[in-house]
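Participant: Listed in order, the protein sequences are those of chains A and B.
Numbering that gives the first Met the number 0 puts the first residue of the first sequence at 0, with every later residue one more than the last.
Numbering that gives the first Met the number 0 puts the first residue of the second sequence at 0, with every later residue one more than the last.
In case anyone wonders, no lab produced these hints; they're calculated from the structure.
Here's a subset of chain B near chain A, in silico, CB distances under 10 angstroms, partners left out:
no.	residue
1	81
2	84
3	97
4	100
5	136
6	139
7	142
8	152
Taking CB as the label site, the calculated pair distances span:
no.	chain 1	residue 1	chain 2	residue 2	range
9	B	48	A	181	44 to 52 angstroms
10	B	182	A	36	46 to 54 angstroms
11	B	133	A	156	16 to 24 angstroms
12	A	297	B	283	26 to 34 angstroms
13	B	303	A	156	38 to 46 angstroms
Quick reminder that beta carbons are idealized off the backbone N, C-alpha and C, glycines included.
Protein chains: 2
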Amino acid sequence: MSWLVTGGAGYIGAHVVRVMRDGGESVVVYDDLSTGRADRVPDGVPLVVGSVLDRDLLERVIRDHGVTGVVHIAAKKQVGESVERPLHYYRENVTGLQTLLEAMSATGVGAIVFSSSAAVYGMPDVDLVTEDTACAPMSPYGETKLIGEWLIKAAVTAYGMRGASLRYFNVAGAASPELSDTGVFNLVPMVFERLEAGEAPRIFGDDYTTPDGTCVRDYIHVQDIASAHLAAARRLEDAPRGTALTLNIGRGEGSSVREMVDRILKVTGNEGVTPEVTDRRAGDPARVVAAADRIRGELGWSARHGLDEMIESAWQGWRHHRR
Amino acid sequence: MSWLVTGGAGYIGAHVVRVMRDGGESVVVYDDLSTGRADRVPDGVPLVVGSVLDRDLLERVIRDHGVTGVVHIAAKKQVGESVERPLHYYRENVTGLQTLLEAMSATGVGAIVFSSSAAVYGMPDVDLVTEDTACAPMSPYGETKLIGEWLIKAAVTAYGMRGASLRYFNVAGAASPELSDTGVFNLVPMVFERLEAGEAPRIFGDDYTTPDGTCVRDYIHVQDIASAHLAAARRLEDAPRGTALTLNIGRGEGSSVREMVDRILKVTGNEGVTPEVTDRRAGDPARVVAAADRIRGELGWSARHGLDEMIESAWQGWRHHRR
Numbered sequence: 000m001s002w003l004v005t006g007g008a009g010y011i012g013a014h015v016v017r018v019m020r021d022g023g024e025s026v027v028v029y030d031d032l033s034t035g036r037a038d039r040v041p042d043g044v045p046l047v048v049g050s051v052l053d054r055d056l057l058e059r060v061i062r063d064h065g066v067t068g069v070v071h072i073a074a075k076k077q078v079g080e081s082v083e084r085p086l087h088y089y090r091e092n093v094t095g096l097q098t099l100l101e102a103m104s105a106t107g108v109g110a111i112v113f114s115s116s117a118a119v120y121g122m123p124d125v126d127l128v129t130e131d132t133a134c135a136p137m138s139p140y141g142e143t144k145l146i147g148e149w150l151i152k153a154a155v156t157a158y159g160m161r162g163a164s165l166r167y168f169n170v171a172g173a174a175s176p177e178l179s180d181t182g183v184f185n186l187v188p189m190v191f192e193r194l195e196a197g198e199a200p201r202i203f204g205d206d207y208t209t210p211d212g213t214c215v216r217d218y219i220h221v222q223d224i225a226s227a228h229l230a231a232a233r234r235l236e237d238a239p240r241g242t243a244l245t246l247n248i249g250r251g252e253g254s255s256v257r258e259m260v261d262r263i264l265k266v267t268g269n270e271g272v273t274p275e276v277t278d279r280r281a282g283d284p285a286r287v288v289a290a291a292d293r294i295r296g297e298l299g300w301s302a303r304h305g306l307d308e309m310i311e312s313a314w315q316g317w318r319h320h321r322r
Numbered sequence: 000m001s002w003l004v005t006g007g008a009g010y011i012g013a014h015v016v017r018v019m020r021d022g023g024e025s026v027v028v029y030d031d032l033s034t035g036r037a038d039r040v041p042d043g044v045p046l047v048v049g050s051v052l053d054r055d056l057l058e059r060v061i062r063d064h065g066v067t068g069v070v071h072i073a074a075k076k077q078v079g080e081s082v083e084r085p086l087h088y089y090r091e092n093v094t095g096l097q098t099l100l101e102a103m104s105a106t107g108v109g110a111i112v113f114s115s116s117a118a119v120y121g122m123p124d125v126d127l128v129t130e131d132t133a134c135a136p137m138s139p140y141g142e143t144k145l146i147g148e149w150l151i152k153a154a155v156t157a158y159g160m161r162g163a164s165l166r167y168f169n170v171a172g173a174a175s176p177e178l179s180d181t182g183v184f185n186l187v188p189m190v191f192e193r194l195e196a197g198e199a200p201r202i203f204g205d206d207y208t209t210p211d212g213t214c215v216r217d218y219i220h221v222q223d224i225a226s227a228h229l230a231a232a233r234r235l236e237d238a239p240r241g242t243a244l245t246l247n248i249g250r251g252e253g254s255s256v257r258e259m260v261d262r263i264l265k266v267t268g269n270e271g272v273t274p275e276v277t278d279r280r281a282g283d284p285a286r287v288v289a290a291a292d293r294i295r296g297e298l299g300w301s302a303r304h305g306l307d308e309m310i311e312s313a314w315q316g317w318r319h320h321r322r
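Let's have the full structure, built from the sequences with the hints guiding it.
Facilitator: Listed below in structure tokens is the structure:
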């Protein structure tokens, strides 16, 4: 098969492109470069610069490159910005996916792997979140991800496609410094930024009902995220029409914010720094940890990389980009 | 205020237009006439023929007519068709509303009344469905209605709008024969159609966990639906920015399919006919009846019309259109 990877010039997309290419898949990148960077696309992989809202261009690229499946990673992904600019998020994430599915349907492309998110669960009140836990997204960003899953399921049913929605938990790390995330929207780079400014890292609330009182999350290395995409793509290659998978991608292990901050301080040589505990942020659930059994059963996939590897590689990437 | 009524040439829209006009509101109809009919728009009310996907036209109409609020009724509404053509439904219902909200935001229009549906609840397992009952739509149609509510809430928060989402239960009846529904997608016209063909009306399953074993629904007269829109529009006129209401529009009374069929047989002079009981249809919940307290408290609205009035007026409309 020949895979179109939308958002393939982004942080996660660039990792997916490399892992799929290294796994022997044929790959074409489609990215509007609004946040992606052309230098993340490896030599030998075609890059088409375009919007997922441009149906004509999507169809042309599909035909020109003989595309037979799509890995749809292109999306706006900042929760806070989605509250301020919801129509922009719906346009890019929802109408964008609709347009892509229309182009796929028109050209007979039948397989799609979709980047969903643990944000679809909202504030889950369970120890381990399974794929059957009720979805109740708390932001326009999370809504657009759940809507994307609905769209794919509906298209699979109506048009006989095959689809896999992958619910990412908390992504961190990088395969190499130049591929690392340059945004500061997650815990790990937020701590780096505070340290660089000579300030104590912040912990938003230590009165949650968790062992040490701070929020618990399931952190996963971006290389593991990428290998899950390859596994899902290969599964869809052989799957019958009408197959629709929804899969958590997490390690199935919870780590508290305090534990993560302590690890980051150690890795970056800042053991002496004491984190500052502030008020809770609105909308932070106490605990979001994946049940990772379904993906193991369905794809034979499980995570291989640990916390220190995520933090060390992210720190190398941070220094690379700030140098 | 001056209200733009999208879908105002449709069955429900035409009733809303009349009730709002008779209530002294200034009204402009916007309809693509894909299922609406120009002859449903009363004399003296401007009709603009256009798509809710045409942002430029929407903005021009808003400016030309001094529109200050929108009643958004235009939508695709057939559950079965939505399963077969999901991308069409998402395009019209979701991207259509996004486009409308973009046009409103660009022109400073801050009030919107939105046609939602009890379909957002899916298969509720409660005696009376309140607005806080968990939403779990079962079809692309129901999904697009829940997404519409999310869009409106997000726009209210981000842009300081005021919004009301009205969850219609089972609409029936007509204010006059020529305004009646011409589609055959609900129980009442489906029974009419069977009778006209000389066939026994069908009851899909009588082994549900309900008093007589047939499904129970909350039927409401389209005139009551229309007056709820007027009440909601007036409420939004005075509401502070950031107001977002979600309201059931039902009578709060359940009627079984068997009871409805018996009433229809009586009203149409077919007492001798015995309904035919067949297998259940997939996806029919046993019971969906509104808790109608919130709308009474918020808008001082409650339904005034009963079952026989719905059936008699629908029957007159049926004969009018078939003559």
